[in-house]
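Participant: Hey, can you work out the whole structure from these sequences and the hints?
There are 2 protein chains.
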Amino acid sequence: MAKHFHKELEKLKKRILSLGAMVEDRVRMAIKAIENRDVTIADKIINTDYEIDEMEVEIEEECLKVLALHQPVAVDLRFITAVIKINNDLERIADEAVNIARGVKYIAKGEKLHFDFDFYSMAEKTEAMLKKSLDALVNLDVDLAFKVCILDDEVDKINGEAHRIVKDVIKDNPDHVEYFINLLLISRHLERIADHATNIAEEVIYLIEGEIVRHGRLET
Amino acid sequence: MAKHFHKELEKLKKRILSLGAMVEDRVRMAIKAIENRDVTIADKIINTDYEIDEMEVEIEEECLKVLALHQPVAVDLRFITAVIKINNDLERIADEAVNIARGVKYIAKGEKLHFDFDFYSMAEKTEAMLKKSLDALVNLDVDLAFKVCILDDEVDKINGEAHRIVKDVIKDNPDHVEYFINLLLISRHLERIADHATNIAEEVIYLIEGEIVRHGRLET
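These protein sequences, in sequence, are chains A and B. Note that our numbering has the first sequence beginning at 34, numbered continuously upward. Note that our numbering has the second sequence beginning at 34, numbered continuously upward.
Hints in this document: simulated from the structure, not taken from any laboratory. Do not rely on the hints blindly, as some may be mistaken.
Any copy, or any two copies together, can satisfy a pair, since identical chains are not distinguished.
[Said to hold, decoys possible] Below, a list of computed lysine-lysine pairs in the DSS-like style, where the Cα atoms sit at most 27 Å apart: (1) K77 <-> K190; (2) K142 <-> K190; (3) K36 <-> K65; (4) K142 <-> K77; (5) K204 <-> K138; (6) K145 <-> K200; (7) K200 <-> K142; (8) K40 <-> K142; (9) K98 <-> K65; (10) K180 <-> K77.
Facilitator: What follows is the structure in structure tokens.
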């Protein structure tokens, strides 16, 4: 029985990591779509989102099955609760990739306008946060998970900067409001992906240390 | 033992509903703050958000304790999993109320500018969705929960409309970009509250009917 249970836990771990890899891929595609204003990639992200949705539902059903059949306690119980929540965050990250793809489809329609903002550094940081949070989960690496939480502040700052730049650039280009608002929204979607990666990292810390680090308890 | 367990389930139900009532109150305050550009209310929302955060952490810890101690199965297990997820949605709704409060503080700084958008109808619909989703949870009312899911489409449409109006109004008032972008963001925060209320309604449906209705399975 115990052996069977641990097999199921291993299976669950594999599945959440494979969902993580798929979602990481969508984020990478979304960033590529921004860089190259690539509508084909954007469409691919939008049209295959159902795969992520289906996988999320399956993983949650699997978690409930394992909880009901094996009634785990202590660290195993905590692991399954973490999987339920991380599963949810991953699905929402994929939704943000879809939102970015929709924004890209809009901005790709017109001419490319100058926008003095380092999008790619923000995108790179966000992608790195997601990668690190999943690596922290695979290796139960609490130090790496803490690094993700710190990086989140940097991404928040860059998003604030995008906000200020958009304000000025629209003043000079009132005819291209929609274009620049779409860029601003893309920056916010990246920021939300960073937030979800932080949630994942916090779940990993909780899983390892048994403390809830959410809501700024980190600093105390 | 069974009696003790059911007492704990009742306690959990009371706590999630009392968090729900607190969060509903924050949303109502946020809407009032928008209507009256009331910085005092906005500050109150921002400064008391830690209460919601603390309560969320306590409820999650309580859920894990009940899972570990009583190892519930079937509908009880499903109920506790639903509480874990609804708890999370409620906390994020409160975060959106904080985001709205920050937006209000910005727009309250300057003169009131004309913006031809029915904010209040959107706010009312969103508030009604949250109320209905919590009522559906209290009374395990699946019909009411379905109504919330349908209302969500209406709120999405209104948000799309806000987007179009902002675009035009900024063209005519390029000097007030930040003001109108803040209004647009407030509309998006309301839309996110509606999304979370939909998540809660879907959890209630799942709890009652044992089916996952997320990701459009509703229509099939």
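Participant: Go through the numbered hints given earlier and state which of them the structure violates, listing their numbers in rising order.
Facilitator: Hints 3, 8, 9, 10 are the ones this structure does not satisfy, whereas the remaining hints hold.
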